[in-house]
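Enquirer: Sequence:
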Amino acid sequence: MIPGTGVSAAGAGPGVSADRAGWVARAGELWRAARSVVPPGHLDAAGCNVPSDRVLDAVVAHLRLERERGGYAAVPDLTPARSALAGLVGGGPEDVAFLESGTAAMAALLGRWRLPPGSRVGHARTEYGGTLMLLHRLAAERGWQPVELPVDGDARLDLEGLRALLAAGLDLVIVSHVASHRGVVQPAEEIGALCRAAGVPLVLDVCQSLGHVEVRGAGATAYVGTSRKWLAGPRGVGFLIVPGLTPAMDAAVPTLGGHRWSSDGNGPVPLPGVVRFESSEAAVAARAGLGAAVLELHELGLFAVHAHLAELGRTARGVLDGAGGWRVVEPLGEPSALVTLQPPPGDSAQSAAVRAAEASLLVNVVPTARAPLDLREPVLRVSPPPGTPVETLHALARVLAR
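Start counting the sequence shown at 399; every next residue gets the next number (the working numbering).
Worth flagging that the hints you see were computed from the coordinates, not collected in a lab.
From a predicted model like this one, the values you see are computed outputs, not experimental measurements.
Backbone N, C-alpha and C fix where the C-beta goes; we use that ideal spot for every residue, glycine too.
Just to be clear, a hint being listed does not mean it is correct.
Claimed, not checked - Label pairs and their in silico Cβ distance ranges:
no., residue 1, residue 2, range
1, G663, G516, 31 to 39 Å
2, P515, G716, 46 to 54 Å
3, A646, G716, 47 to 55 Å
4, A646, A538, 21 to 29 Å
5, P770, E709, 27 to 35 Å
6, G642, D550, 30 to 38 Å
7, A537, R430, 41 to 49 Å
8, G663, G509, 37 to 45 Å
Start from the sequences, fold in the hints, and give me the full structure.
Expert: Structure representation (structure tokens):
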């Protein structure tokens, strides 16, 4: 059980062991049934997913409680939310800190990572643009050396190349489990094993993978994520998960919520766990909503949701690849529901997105700035949430063919 949640650590709801295949088939139906409103043609789960009625109720209920009791008197116990979130990667409630976004969580973590000048930090060319900007700023200020990790033709990390670079000397590795602009699932478990064997910390960006693909087993040093994508929580909440946080690592700015005054009067001392990275002020209602979303995901069953999304992604690629000359970027059988398409000559991602909107279909255009080392032109991103009707994908195919 996940402590304080009453949810199985396997993430499986009642009946999964007896009828796993049936539960997988029903995952999309149950996900949809939990939402009285889903925007028609919504195909942008990787951008901003649709919260359930329970999540909406949790946010509104907390806001009402703040109005009735006062904001500080209404502070909820978020331990079950932390436990459920940590259970997605393998950890405990003390390992979780809430921040306002995945970008803020990455900045809070890397900004205080104690690496000496000359340290080599590995990343792939597919790394998220915001993380690359942060890394290069820190490299310029601190004398770090960014090192590009080798990838294959699908932009999947080359494990033998990583092994060689680790042997040659890396001090930190940063990997996006699933990139923002390409639905390839990186082999996180193998990457984690190689990094641990070499004694090199691994930061795994799970913004596009938690609630989408399996993350447990990666054994990363730290995880950075966000609420609004595949977890289907509210906007404005991100998180940092650091199992067994090194005591020497602390937040850039001490807060009364995450620190205490030392008994000898020599300044602030961080409290145990990752709470030291949390800001003192926050949208607490949004954190409560994220907790509700993650608990709901555990009840649906992680295996069922992951398997359903993988099948949905394969279906989407099969329907969309070749429509109007558009080509799917990742392998057609990739076990993710994040699908990216390159335009044919004479068309563009921006134009296709406009046509899609006219047909009441919501898709996303990924600009080159999102992955400046990998993208040469914007791509169209299609990310169907659970339960998306196949006809919605065929409707998009017809739009692309125009």
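Enquirer: Is the distance from the Cβ of A646 to the Cβ of A538 consistent with 21 to 29 Å?
Expert: 24 Å, holds
Enquirer: Return holds or violated for the Cβ distance of P770 and E709 against the range 27 to 35 Å.
Expert: Between P770 and E709, where Cβ atoms are some 32 Å apart, the hint holds.
Enquirer: Range hint 46 to 54 Å: satisfied by the CB atoms of P515 and G716?
Expert: 50 Å, holds
Enquirer: Cβ-Cβ distance between A646 and G716: within 47 to 55 Å?
Expert: 50 Å, holds
Enquirer: Taking the Cβ atom of G663 and the Cβ atom of G516, is their distance within the range 31 to 39 Å?
Expert: Given about 36 Å between the Cβ atoms, the range holds.
Enquirer: Measuring from beta carbon to beta carbon, are G663 and G509 in 37 to 45 Å?
Expert: Given about 27 Å between the Cβ atoms, the range is violated.
Enquirer: So the hint says 30 to 38 Å: do the beta-carbon atoms of G642 and D550 match that?
Expert: Since G642 and D550 have Cβ atoms about 32 Å apart, the given range 30 to 38 Å holds.
Enquirer: Are A537 and R430 spaced within 41 to 49 Å by their CB atoms?
Expert: 45 Å, holds
The structure fails to meet hint 8 from the earlier list, while all remaining hints are met.
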